Amino acid sequence: MSAINSPALDRRQFLKLGGMLGGGLIVGLQLPAQVLAAQPEASLTDLGAFIRIGHDNQVTLVMPMAEVGQGVYMAQSMLLAEELEVDVDTVKVLASPANAALYGNPAIGGYQVTGGSTTIRAFWTPLRQAGAVARTLLIAAAAQVWKVDPASCKASSGYVYDASGQRKLSYGELVDVAAGLPQPAADSVVLKTREQMTLLGKPHHRIDTPDKVRGKAQYGIDFQTANLKHAAIAVCPVLGGKPVAVDEAAIKAVRGVQQVVLTDEAVAVVADNTWAAMKGLRAASIQWDFGDNASVGMEEVVQQLDSESQQSGGLARNDGDVEKALASATTRLEAVYQLPFLSHAPMEPMNYTVEITDKRCDVWGGCQTLTLAQATVAQLTGLPPESVFINNFLMGGAFGRRLELDGMIHAVKVAKQVQGPVKVIWSREEDIQHGFYRPYYYDRLWGGLDAEGKPVAWFHRVSGSSIMARAFPGAFVNGVDPDGVEGAKEPPYEFDNIRVEFRRVEPRGVLTSWWRGVGPTHNVFMVESFIDEMAAAAKQDPASYRLALLGNNPRARQVLELALKQAGWGKQLPERHGLGVSVQFAFGSYLAMVAEVAVSEQGAVRCQRIHAVIDCGLTVNPDTVKAQIEGGAVFGLTAALYGAITVKDGQVQQSNFDTYQPVRMYEAPLVDVHIVDSLEAPGGVGETGTAAVFPAITNAVFAATGKRIRTLPINPSELKV
Amino acid sequence: MAIQLQINGKPYDLDVDDDMPLLWAIRDIVGLTGTKFGCGKALCGACTVMLNNQAIRSCLTPVSVAKGGSITTIESIDALPQGKALQQAWVELDVPQCGYCQSGQLMSATALLLSNAHPTDADIDGAMSGNVCRCGTYQRIRQAIKNAAQEV
Ligand code: FES
Ligand code: FES
Numbered sequence: 076m077s078a079i080n081s082p083a084l085d086r087r088q089f090l091k092l093g094g095m096l097g098g099g100l101i102v103g104l105q106l107p108a109q110v111l112a113a114q115p116e117a118s119l120t121d122l123g124a125f126i127r128i129g130h131d132n133q134v135t136l137v138m139p140m141a142e143v144g145q146g147v148y149m150a151q152s153m154l155l156a157e158e159l160e161v162d163v164d165t166v167k168v169l170a171s172p173a174n175a176a177l178y179g180n181p182a183i184g185g186y187q188v189t190g191g192s193t194t195i196r197a198f199w200t201p202l203r204q205a206g207a208v209a210r211t212l213l214i215a216a217a218a219q220v221w222k223v224d225p226a227s228c229k230a231s232s233g234y235v236y237d238a239s240g241q242r243k244l245s246y247g248e249l250v251d252v253a254a255g256l257p258q259p260a261a262d263s264v265v266l267k268t269r270e271q272m273t274l275l276g277k278p279h280h281r282i283d284t285p286d287k288v289r290g291k292a293q294y295g296i297d298f299q300t301a302n303l304k305h306a307a308i309a310v311c312p313v314l315g316g317k318p319v320a321v322d323e324a325a326i327k328a329v330r331g332v333q334q335v336v337l338t339d340e341a342v343a344v345v346a347d348n349t350w351a352a353m354k355g356l357r358a359a360s361i362q363w364d365f366g367d368n369a370s371v372g373m374e375e376v377v378q379q380l381d382s383e384s385q386q387s388g389g390l391a392r393n394d395g396d397v398e399k400a401l402a403s404a405t406t407r408l409e410a411v412y413q414l415p416f417l418s419h420a421p422m423e424p425m426n427y428t429v430e431i432t433d434k435r436c437d438v439w440g441g442c443q444t445l446t447l448a449q450a451t452v453a454q455l456t457g458l459p460p461e462s463v464f465i466n467n468f469l470m471g472g473a474f475g476r477r478l479e480l481d482g483m484i485h486a487v488k489v490a491k492q493v494q495g496p497v498k499v500i501w502s503r504e505e506d507i508q509h510g511f512y513r514p515y516y517y518d519r520l521w522g523g524l525d526a527e528g529k530p531v532a533w534f535h536r537v538s539g540s541s542i543m544a545r546a547f548p549g550a551f552v553n554g555v556d557p558d559g560v561e562g563a564k565e566p567p568y569e570f571d572n573i574r575v576e577f578r579r580v581e582p583r584g585v586l587t588s589w590w591r592g593v594g595p596t597h598n599v600f601m602v603e604s605f606i607d608e609m610a611a612a613a614k615q616d617p618a619s620y621r622l623a624l625l626g627n628n629p630r631a632r633q634v635l636e637l638a639l640k641q642a643g644w645g646k647q648l649p650e651r652h653g654l655g656v657s658v659q660f661a662f663g664s665y666l667a668m669v670a671e672v673a674v675s676e677q678g679a680v681r682c683q684r685i686h687a688v689i690d691c692g693l694t695v696n697p698d699t700v701k702a703q704i705e706g707g708a709v710f711g712l713t714a715a716l717y718g719a720i721t722v723k724d725g726q727v728q729q730s731n732f733d734t735y736q737p738v739r740m741y742e743a744p745l746v747d748v749h750i751v752d753s754l755e756a757p758g759g760v761g762e763t764g765t766a767a768v769f770p771a772i773t774n775a776v777f778a779a780t781g782k783r784i785r786t787l788p789i790n791p792s793e794l795k796v
Numbered sequence: 012m013a014i015q016l017q018i019n020g021k022p023y024d025l026d027v028d029d030d031m032p033l034l035w036a037i038r039d040i041v042g043l044t045g046t047k048f049g050c051g052k053a054l055c056g057a058c059t060v061m062l063n064n065q066a067i068r069s070c071l072t073p074v075s076v077a078k079g080g081s082i083t084t085i086e087s088i089d090a091l092p093q094g095k096a097l098q099q100a101w102v103e104l105d106v107p108q109c110g111y112c113q114s115g116q117l118m119s120a121t122a123l124l125l126s127n128a129h130p131t132d133a134d135i136d137g138a139m140s141g142n143v144c145r146c147g148t149y150q151r152i153r154q155a156i157k158n159a160a161q162e163v
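Residue numbers (the numbering used here), protein chains in the order written: chain Z, 76 to 796; chain V, 12 to 163.
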């Protein structure tokens, strides 16, 4: 992991970069394989991750990813600061631009960093090692200056002290000497034990909060520059269709409109301000050629899934002999579960600002895949990649949406026809109707119980779109999408006979992508509902039934037992109230959830209280863990109660927060999160709460009404008295 | 046609159409970007500002309606004791996640405390249910409002 051995940069690039950054000590950070896998477009020209300590004592952490709101920025600073022995608030985190040559331009600095739920797991060791390498170098430098044994010196709060504690040198004073010393290998430095840690595991305020409460945080949509033009865009309502004609005179009659732009699949109105652009677009009377997908509807989508899911799929797991075990089971269960298409609907609607000249292209906006974006824009503009500059911004939520580049591509296509910088903003309606949706899943499950009600066979066939097969075909092996079966392949329970299959079924005319929680969001619902069905068939308490199957899974047992206790499992509840439980191992963390719901006579489901217990290993910032589970649960609850994107005549029928309803304050549950003190390797948390909440809610509805929910969102008319 | 608006105590002469929503006048013309665009249909509250100390959705309020009135945006609520206390409570509880909805949340909360110094849970539900948070920060918002109410 020495700077020069960084896979991302050769020596020459590194020195050049160091020069541009104004010198100082630079220590490279080898990105772990799982992060590279999550960013498969990372190439050798990529900047990579590194830390820099400047003459002014400023510690900068540069990461090739961007923050989407889950506080990873803070957590990464803490990991580094713990070993580097600096105050965490002095660490500045920057997202590296896609192009190293531009780095140092203040216009692109100052933005923050992210990853998925993998981030903390992936960086837990490398970031601490990088901090320890830098600290070791700085101590060695001080020892050299004082001509003493490095072992007699100590680092604290950005200074190195000698044995007496009398002499001290700041890191900034030491960086030049340190930069000339040979860097120790990352795995040769000794890291702190849990007891020695002073920062990690303690709650810490997020450093981005003050700007966010003053309206000062800058999102892509807030970018401003001289002579900025504003564009409103309408993409063809049917995938694959194109614009044929617009009422140009009517558009131009709107005050402030400058230009109408037609691209292959969209119409954009360019104006002095956003309002004029929107008004112009409204006047456009666009005629579309909808193309072949204009006949797509939900009936077709579901029928296709229904028939294809009856055939076998790629084998993800096959232990024992499921067929035989099913045949000899005392009780056999069979169920079909369905999950709808879902939109991400982040609060910040899709937008990008783009300026293209014959020499370069600048893009301003939030992006989770910088290098791929750069390559894509280069191709669209015909410019070499090094002339494309993706200037990353904070994102107003993303939940996976900004892993896709369609928003940027549309903006670039518009900008190609516009002089000067143009900000292309989607309306909320555009944002909801032109998504990459969470796939519609249609899963079949078969189970067998013995005479005592104990499961003897478990067969889960997942059917739906494969995002991996589209985005990273190399990862789609033997017909199995690894994301598609995550959470299904390794349920927390012990089954002697278990088979899991993935059947790829691609809907016509609907794009699909990752949505918060990806595989587990879908599979934990299936698994935890079906195990609940088994418990009911065995006439056993669903919690004890689970506990009995978790004999070899002490961490899962522990979170479940604690959650049951916190929720008062077994307590007397009013009529049509119920408790539902779910337990999962996902993203490297164990999570148990108990939800309490009330179902009205009209069938409306209200979730008042959720108890969550998580064992995510060693925690970095416990308050962020709590916040992520609280928010993740609300995000999942929204989908469980209301979320559905449906298609008719090739067009998405939902359009805004009235038809794609979010959970609001009055119906938000109180989520109580308990973190188990654990010394295990850190697990992810950002998506766990979302995955867990679906079955906790529907199992609670079953407890309250006796009605099993197998299709989401919950349909109140089926729950009426 | 020029319209005079009073924003955060400062007068602005804006050459915009009467029907331009306040949101776009504030963001694009005046250049204050703390007020956010979320839905454009008064469904999410991201664009909430105060007009004469009342919370309004600026995405559907034409500038003509605000003529002669006094507009307060997120950039100046720290001048009000309620706004300042709320911002502090927000920081104390680390309410924001992505943060995009939080300007609107704070504006609705400020308007609430201005009219009701000690809101009950039901009052909070009533005043805050027009503000969507996709990151799901509601329980912290509720607690932060209660904490701030204690301080003012
Ligand atoms: S943008 Fe005004 S309420 Fe959503
Ligand atoms: S904090 Fe992200 S939408 Fe509220």
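The hints are simulated quantities; they were obtained by calculation from the structure and are not laboratory data. Bear in mind that the values here come from a model prediction, so they are computed numbers and not experimental data. Please note that a few of the clues may not be correct.
[Unchecked claim] Below, computed lysine to any residue pairings styled on SDA-like, alpha-carbon distance capped at 25 angstroms: (1) K52(V) x D747(Z); (2) K291(Z) x D134(V); (3) K291(Z) x Q99(V); (4) K782(Z) x A544(Z); (5) K291(Z) x D24(V); (6) K52(V) x L622(Z); (7) K157(V) x D747(Z); (8) K291(Z) x T131(V); (9) K78(V) x R330(Z); (10) K21(V) x F298(Z); (11) K52(V) x K782(Z); (12) K95(V) x D24(V); (13) K327(Z) x K157(V); (14) K327(Z) x S360(Z).
[As the list claims (entries may be wrong)] If you only want the chain V side, here are some residues facing chain Z, beta carbon under 7 angstroms, derived: (15) I14; (16) Q15; (17) K21; (18) Y23; (19) D26; (20) W35; (21) A53; (22) C109; (23) Q113; (24) V143.
[Unchecked claim] Over 12 angstroms on every C-beta distance to chain Z, these chain V residues come out as not near it, computed from the model: (25) G79; (26) S81; (27) A128.
Heads up, the beta-carbon is just placed ideally off N, CA and C, and yes, glycines get one too.
These are the hints, each one checked on the structure:
| no. | hint | in the structure |
| --- | --- | --- |
| 1 | K52(V) x D747(Z) | violated, 33 angstroms |
| 2 | K291(Z) x D134(V) | violated, 28 angstroms |
| 3 | K291(Z) x Q99(V) | holds, 15 angstroms |
| 4 | K782(Z) x A544(Z) | violated, 36 angstroms |
| 5 | K291(Z) x D24(V) | holds, 24 angstroms |
| 6 | K52(V) x L622(Z) | violated, 48 angstroms |
| 7 | K157(V) x D747(Z) | holds, 18 angstroms |
| 8 | K291(Z) x T131(V) | violated, 30 angstroms |
| 9 | K78(V) x R330(Z) | holds, 20 angstroms |
| 10 | K21(V) x F298(Z) | holds, 23 angstroms |
| 11 | K52(V) x K782(Z) | violated, 36 angstroms |
| 12 | K95(V) x D24(V) | violated, 28 angstroms |
| 13 | K327(Z) x K157(V) | violated, 51 angstroms |
| 14 | K327(Z) x S360(Z) | holds, 12 angstroms |
| 15 | I14 | violated, 13 angstroms |
| 16 | Q15 | violated, 18 angstroms |
| 17 | K21 | violated, 16 angstroms |
| 18 | Y23 | violated, 14 angstroms |
| 19 | D26 | violated, 10 angstroms |
| 20 | W35 | holds, 4 angstroms |
| 21 | A53 | violated, 10 angstroms |
| 22 | C109 | holds, 3 angstroms |
| 23 | Q113 | holds, 5 angstroms |
| 24 | V143 | holds, 5 angstroms |
| 25 | G79 | holds, 21 angstroms |
| 26 | S81 | holds, 18 angstroms |
| 27 | A128 | holds, 19 angstroms |
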